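*Asks:* Each chain, letter by letter, is given below.
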Amino acid sequence: MDKIDLKPFKIVMEVTPVKRPIFKNTLFAFLIGGIIGIIAEVLIVIFKDFFNIDEKIANSLMSMVIVVTTSVLTGFGLFDKIGQYAGAGTYIPITGFANSMTSAAIEGRSEGLVLGIMSNMFKLAGAVIVAGVVSAFISGTIIYFMEQVI
Amino acid sequence: MKKVGKSSISFDNVYVKSTAVVTGPKEFEGPLGKYFDYSFEDLYCHENTWEKAEMRMMKLSFLKALEKENIKKEDIDYIIGGDLNNQIAITSYTFKNMFIPTFGVFAACSTLTESITLASILVSSNLAKNVVAITSSHNATTERQFRYPTEYGGQKPVSMTSTATAAGTMILSSDKSKIKISRVTTGKIIDIGENDPQDMGRCMAPAAASTLLDHLDDFNIAINEYDLILTGDLSKYGKEVFRKCLEVKGIDVSKVHDDAGVMLYDINKQDVFAGGSGCGCVTAVTLSYIMNQLETKNLNKVLVLATGALLNPVMTAQKMTVPCISHAVVFERV
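Taken in sequence, the protein lines are chains S and A.
For the first sequence, my numbering gives the first residue as 1, with consecutive numbering after it.
For the second sequence, my numbering gives the first residue as 151, with consecutive numbering after it.
If you are wondering where the hints come from, they were derived from the structure by calculation, not from laboratory data.
The structure presented is a predicted model; accordingly, all values stated were derived computationally and were not measured.
Each hint should be verified, as a subset may be incorrect.
[What the hints assert, rightly or not] Listed below are the simulated SDA-like cross-link pairs for lysine to any residue, each with C-alpha atoms no more than 25 Å apart in a straight line:
1) A:Lys-209 x A:Ser-157
2) S:Lys-10 x A:Val-403
3) A:Lys-306 x S:Val-15
4) A:Lys-338 x A:Gly-155
5) S:Lys-24 x A:Gln-305
6) A:Lys-386 x A:Glu-293
7) A:Lys-184 x A:Ile-401
8) A:Lys-306 x S:Val-67
9) S:Lys-10 x A:Asn-345
10) A:Lys-209 x A:Gly-155
11) S:Lys-123 x A:Tyr-194
12) S:Lys-24 x A:Pro-347
13) A:Lys-399 x S:Gly-75
14) S:Lys-123 x A:Gln-295
15) A:Lys-306 x S:Leu-31
16) S:Lys-81 x S:Met-64
17) A:Lys-419 x S:Gly-77
18) S:Lys-81 x A:Gln-420
19) S:Lys-81 x S:Glu-14
20) A:Lys-202 x A:Lys-223
21) A:Lys-328 x A:Glu-219
22) A:Lys-419 x S:Lys-3
23) S:Lys-7 x A:Met-470
24) S:Lys-19 x A:Val-398
25) A:Lys-469 x A:Thr-300
26) A:Lys-338 x A:Val-398
27) A:Lys-394 x A:Leu-461
28) A:Lys-202 x A:Tyr-188
29) S:Lys-10 x A:Glu-219
30) S:Lys-3 x A:Val-154
31) S:Lys-56 x S:Ile-35
32) A:Lys-330 x A:Leu-449
33) A:Lys-394 x A:Ile-417
34) S:Lys-10 x A:Ile-401
35) A:Lys-153 x A:Ser-327
36) A:Lys-338 x A:Tyr-243
37) S:Lys-10 x A:Ser-157
Using the sequences provided together with the hints, build the complete structure.
*Replies:* So, in structure tokens, the structure goes:
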């Protein structure tokens with residue numbers, strides 16, 4: 001055959017889309033994301049009430065515990081399995097950030113300390129930092145001028 | 151050797167001398183586990199990097215294929231092979247200092263049938279006696295190359311396929327054996343306009359359908375010529391698109407068609423999303439199970455349509471569409 005008419009194939013592609021389990025994904029993201037939120041709240045309460053730690057420091061300690069736990073779970077190869085079910089539930093909180101750094105570091109290990117681990121660590125997380133810095137600059141500027149006006 | 155139609159060749163003196171397949175653990179746990187020559191118990195294959203692991207698998211499959219038929223390394227005239235790593239590095243590193251003339255080829259997951267096609271041409275034209283066709287893929291090296299770090303916890307869509315960890319070697323020869331390679335059809339690069347690299351099965355299906363139509367047209371045969379038409383690796387969703395593409399052309403393949411991506415794993419129980427993919431997937435199924443079925447006379451004539459998505463991560467990041475190819479090879483019991 002010299003030339004195949006691709007139009008019928010294009011129509012087939014259109015009429016056979018992949019059905020994405022949006023409801024299931026949303027439900028799992030809500031539940032698991034919520035559970036992580038509850039764990040974080042419990043941690044803050046424990047730090048504040050049982051160890052008499054100042055609220056600001058308690059918040060930071062909570063983040064540290066979540067980040068370290070995520071990194072350890074990533075290292076043991078468990079976090080990607082949880083992430084597959086949780087989706088945005090683990091991707092949006094600080095767990096997603098910790099996982100993206102740890103997984104990139106593990107991946108880069110075979111290429112050495114500097115060029116492998118150090119330069120790869122922010123490969124995925126870098127986007128979050130850039131977005132954070134840019135949005136902080138914009139909102140900071142807006143707040144500054146609003147204060148001047150008021 | 152004879153040119154047939156626009157894009158096909160028929161052979162009458164090319165035989166399969168020996169095959170060997172080496173896989174990772176997940177493939178062994180799948181339904182075809184017992185047909186493989188060797189399966190490693192973890193993805194590192196006793197090495198310290200995944201790249202070395204893939205090289206070890208490739209080398210072992212090569213050595214096993216030689217050992218099975220008592221062939222000496224010196225008797226191999228050419229090696230034709232490829233893999234999914236940048237610059238097909240696994241193939242180059244595996245065969246360094248082996249002193250065998252080597253061609254490196256790349257056709258993504260259809261590298262197997264492309265290698266077999268080129269090897270058949272060499273054997274059939276009496277330019278070589280024994281030619282090796284070899285491919286491999288490794289779940290972790292491929293993830294690194296095309297996707298995210300292996301431990302990255304982002305949610306993968308249902309259409310995603312899981313790259314098979316497997317390497318396979320086929321030695322083609324002019325010496326008579328039970329299985330011969332009788333026909334090949336070389337694929338054309340088809341771009342249907344899809345740009346989702348996480349839905350490659352569906353992207354590749356029209357390429358497979360187009361090569362099959364070319365094949366039937368060139369040889370002037372109908373679909374019932376074959377006991378089995380094996381595509382690889384369209385997976386769960388691509389398989390449906392392939393069948394529908396042929397349906398609109400008035401051909402019903404559902405009775406003789408199967409897909410390597412859904413055969414290699416138990417997709418309902420094993421964690422592989424829509425099925426397997428990668429050079430290793432269609433290779434593992436064809437060079438172990440299909441060869442076994444041909445040898446035991448359960449199948450007589452099999453058409454293998456390996457499919458490849460010829461993308462690269464830079465192109466897909468630039469939102470370019472994914473061109474695909476599919477090369478066909480016919481294995482026949484003598």
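*Asks:* Work down the list of hints and note, for each, if the structure agrees.
*Replies:* Structure-based check of each hint:
1. A:Lys-209 x A:Ser-157: violated (33 Å)
2. S:Lys-10 x A:Val-403: It holds: about 19 Å lies between the C-alpha atoms, which stays within 25 Å.
3. A:Lys-306 x S:Val-15: Between A:Lys-306 and S:Val-15 the Cα gap is close to 22 Å, so the pair holds against 25 Å.
4. A:Lys-338 x A:Gly-155: Roughly 14 Å between the alpha carbons, so the hint for A:Lys-338 and A:Gly-155 holds.
5. S:Lys-24 x A:Gln-305: Given pair S:Lys-24, A:Gln-305 holds - Cα atoms ~12 Å apart, limit 25 Å.
6. A:Lys-386 x A:Glu-293: holds (20 Å)
7. A:Lys-184 x A:Ile-401: With Cα atoms ~34 Å apart, A:Lys-184 and A:Ile-401 exceed 25 Å; violated.
8. A:Lys-306 x S:Val-67: OK: A:Lys-306 and S:Val-67 at ~22 Å, within 25 Å.
9. S:Lys-10 x A:Asn-345: Since the Cα atoms of S:Lys-10 and A:Asn-345 sit roughly 13 Å apart, the hinted pair holds (cutoff 25 Å).
10. A:Lys-209 x A:Gly-155: violated (37 Å)
11. S:Lys-123 x A:Tyr-194: holds (24 Å)
12. S:Lys-24 x A:Pro-347: holds (23 Å)
13. A:Lys-399 x S:Gly-75: Not satisfied, since the Cα-Cα distance of roughly 51 Å exceeds 25 Å.
14. S:Lys-123 x A:Gln-295: Holds, at roughly 14 Å.
15. A:Lys-306 x S:Leu-31: Holds. A:Lys-306 to S:Leu-31 sits at ~18 Å (cutoff 25 Å).
16. S:Lys-81 x S:Met-64: holds (22 Å)
17. A:Lys-419 x S:Gly-77: Answer holds: A:Lys-419 to S:Gly-77 is near 19 Å, not above 25 Å.
18. S:Lys-81 x A:Gln-420: Between S:Lys-81 and A:Gln-420 the Cα gap is close to 13 Å, so the pair holds against 25 Å.
19. S:Lys-81 x S:Glu-14: violated (31 Å)
20. A:Lys-202 x A:Lys-223: Distance ~22 Å between A:Lys-202 and A:Lys-223 Cα, so the pair holds.
21. A:Lys-328 x A:Glu-219: At roughly 13 Å apart (the allowed maximum being 25 Å), A:Glu-219 and A:Lys-328 satisfy the hint.
22. A:Lys-419 x S:Lys-3: Not satisfied, since the Cα-Cα distance of roughly 41 Å exceeds 25 Å.
23. S:Lys-7 x A:Met-470: holds (19 Å)
24. S:Lys-19 x A:Val-398: Measuring from Cα to Cα gives roughly 22 Å; hence the hint holds.
25. A:Lys-469 x A:Thr-300: Holds: A:Lys-469 and A:Thr-300 sit about 23 Å apart, inside 25 Å.
26. A:Lys-338 x A:Val-398: holds (20 Å)
27. A:Lys-394 x A:Leu-461: Holds: A:Lys-394 and A:Leu-461 sit about 24 Å apart, inside 25 Å.
28. A:Lys-202 x A:Tyr-188: holds (17 Å)
29. S:Lys-10 x A:Glu-219: violated (47 Å)
30. S:Lys-3 x A:Val-154: Status holds; Cα separation ~16 Å.
31. S:Lys-56 x S:Ile-35: holds (22 Å)
32. A:Lys-330 x A:Leu-449: Holds. A:Lys-330 to A:Leu-449 sits at ~13 Å (cutoff 25 Å).
33. A:Lys-394 x A:Ile-417: holds (21 Å)
34. S:Lys-10 x A:Ile-401: At roughly 17 Å apart (the allowed maximum being 25 Å), A:Ile-401 and S:Lys-10 satisfy the hint.
35. A:Lys-153 x A:Ser-327: holds (23 Å)
36. A:Lys-338 x A:Tyr-243: It is violated: about 29 Å lies between the C-alpha atoms, which goes past 25 Å.
37. S:Lys-10 x A:Ser-157: holds (23 Å)
Checked against the numbered hints given earlier, the structure breaks hints 1, 7, 10, 13, 19, 22, 29 and 36 and satisfies all the rest.
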